[in-house]
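If you count the sequence shown from 1, position 37 lands on 820 in our numbering, and the numbers rise without skipping.
No lab work stands behind these hints: they were computed from the structure. Worth double-checking, as some hints may not be accurate.
Below, a list of computed lysine-lysine pairs in the DSSO-like style, where the Cα atoms sit at most 30 Å apart [as the list claims (entries may be wrong)]: (1) K909 <-> K931; (2) K893 <-> K944; (3) K966 <-> K909; (4) K823 <-> K876; (5) K931 <-> K944; (6) K975 <-> K931; (7) K966 <-> K876; (8) K893 <-> K931; (9) K988 <-> K909; (10) K943 <-> K893; (11) K837 <-> K890; (12) K894 <-> K837; (13) K943 <-> K966; (14) K966 <-> K894; (15) K988 <-> K975; (16) K894 <-> K916; (17) K909 <-> K933; (18) K909 <-> K837; (19) K933 <-> K944; (20) K894 <-> K944; (21) K796 <-> K876; (22) K943 <-> K931; (23) K796 <-> K837; (24) K823 <-> K796; (25) K876 <-> K943; (26) K823 <-> K890; (27) K966 <-> K916; (28) K893 <-> K830; (29) K916 <-> K944; (30) K890 <-> K944; (31) K894 <-> K876; (32) K933 <-> K988.
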Amino acid sequence: MGTVAQKVSELEKAMMELVYQSRLTEMNINRLSDEMREFKDEMREFKDEMREFKDEMRESRNTMDKRWGDLARKMGTLIEDIFIPSFDLAIEKYFGLTLRDVMPRRKVRKKEETLELDILAYAGEKAFVAEVKSSPDRVEYVHDFLEKLKTLPDFIPEIKKYQIIPIYAALNMENSTINLLTKNHIYALIVKGDILEIVNFQEVK
């Protein structure tokens, strides 16, 4: 009789253990399910954030493209509306010469290369080459202009017959930029009031 009771007791314990393990497994499955649900939610949020990031990047790129377009139009305005109308007056004032030919935005192609000049003008035995900048105080812009002057005879061979007068033009520029231009024998042309003024004329001359 005791043996049967003992077996029943052991069976009850086994059943209880089985129920416990079953319940534990169910809890683990539920927890795993919750974790998977949370993971899916996090992934969904991550995808939404990536989509928003891509949209922001696309919008930022569109904004940058618009700014570059605005800058290009601004450069055109600087050259055509500000410097071209008064350029001949400035040349006559400082050099005593009357320009016979003024060419804004002169573009010259040589095979696969292109040279662009903001202003090219001739007077007497001189060729005036002007580079117009909306942000003139970047040192690399001055060096780029120097390189452009070196390659100029390769693109326009007839210019070898003239004395090249380089002019770096802007609405205004810092003294450090003017000093750099003077050091490289380049005239600094800026706007003062309603006239153009070469601020380092005596130094370069």
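Against the structure, the hints:
1. For the hint linking K909 to K931, the alpha-carbon distance of about 17 Å falls within 30 Å, and the restraint holds.
2. Between K893 and K944 the alpha-carbon distance is near 20 Å, which keeps this suggested pair within the 30 Å criterion.
3. The suggested pairing of K966 with K909 holds, with an alpha-carbon distance near 21 Å, which does not exceed 30 Å.
4. A distance of roughly 75 Å separates the Cα atoms of K823 and K876; the hinted pair therefore is violated under the 30 Å criterion.
5. Taking the CA atoms of K931 and K944, the gap is near 18 Å; set against the 30 Å cutoff, the hint holds.
6. Taking the CA atoms of K975 and K931, the gap is near 27 Å; set against the 30 Å cutoff, the hint holds.
7. For the suggested pair K966 and K876, the alpha carbons sit about 23 Å apart, so the restraint of at most 30 Å is met.
8. For the hint pairing K893 with K931, the CA-to-CA distance comes to about 14 Å; that is within 30 Å, so the pair holds.
9. The suggested pairing of K988 with K909 holds, with an alpha-carbon distance near 14 Å, which does not exceed 30 Å.
10. Under the criterion of a C-alpha separation no larger than 30 Å, the hint pairing K943 with K893 is consistent with the structure, at around 17 Å.
11. Of the supplied pair hints, the one linking K837 and K890 is violated, its CA atoms being roughly 38 Å apart against a limit of 30 Å.
12. For the suggested pair K894 and K837, the alpha carbons sit about 40 Å apart, so the restraint of at most 30 Å is broken.
13. Between K943 and K966 the CA atoms are separated by roughly 23 Å; this keeps the pair inside 30 Å, and the hint holds.
14. This hinted pair does not check out: K966 and K894 have alpha carbons roughly 33 Å apart, beyond 30 Å.
15. Distance restraint check for K988 and K975: the Cα-Cα separation of roughly 20 Å lies within the 30 Å cut-off, and the hinted pair is therefore satisfied.
16. A hinted pair counts as satisfied when its Cα atoms are at most 30 Å apart, and K894 with K916 qualifies at roughly 27 Å.
17. This hinted pair checks out: K909 and K933 have alpha carbons roughly 16 Å apart, not beyond 30 Å.
18. For the proposed pair K909 and K837, the alpha carbon gap of about 54 Å is over 30 Å, so the pair is violated.
19. Pair hint K933 plus K944 holds up; C-alpha atoms about 15 Å apart against a cutoff of 30 Å.
20. A C-alpha spacing of about 23 Å is found between K894 and K944, which places the hinted pair at or below 30 Å, so the restraint holds.
21. Simply put, K796 and K876 have alpha-carbon atoms about 113 Å apart, too far for the 30 Å limit, and the pair is violated.
22. A distance of roughly 14 Å separates the Cα atoms of K943 and K931; the hinted pair therefore holds under the 30 Å criterion.
23. Distance restraint check for K796 and K837: the Cα-Cα separation of roughly 60 Å exceeds the 30 Å cut-off, and the hinted pair is therefore not satisfied.
24. Annotation: proposed proximity of K823 to K796 is violated, straight-line Cα distance about 40 Å (limit 30 Å).
25. Proximity of K876 to K943 is assessed by CA-CA distance (about 25 Å); at most 30 Å being required, the pair is judged to hold.
26. Taken as a hint, the K823 and K890 pair is broken in the structure, with Cα atoms around 58 Å apart against an allowance of 30 Å.
27. The suggested pairing of K966 with K916 holds, with an alpha-carbon distance near 19 Å, which does not exceed 30 Å.
28. Annotation: proposed proximity of K893 to K830 is violated, straight-line Cα distance about 50 Å (limit 30 Å).
29. Our distance criterion of 30 Å between C-alpha atoms is met by K916 and K944, whose separation comes to about 27 Å.
30. Of the supplied pair hints, the one linking K890 and K944 holds, its CA atoms being roughly 20 Å apart against a limit of 30 Å.
31. Between K894 and K876, the direct Cα distance comes to roughly 38 Å. Violation of the 30 Å bound is thereby established for this hinted pair.
32. In summary, the hint linking K933 to K988 is supported, as the alpha carbons are separated by about 20 Å, within the 30 Å threshold.
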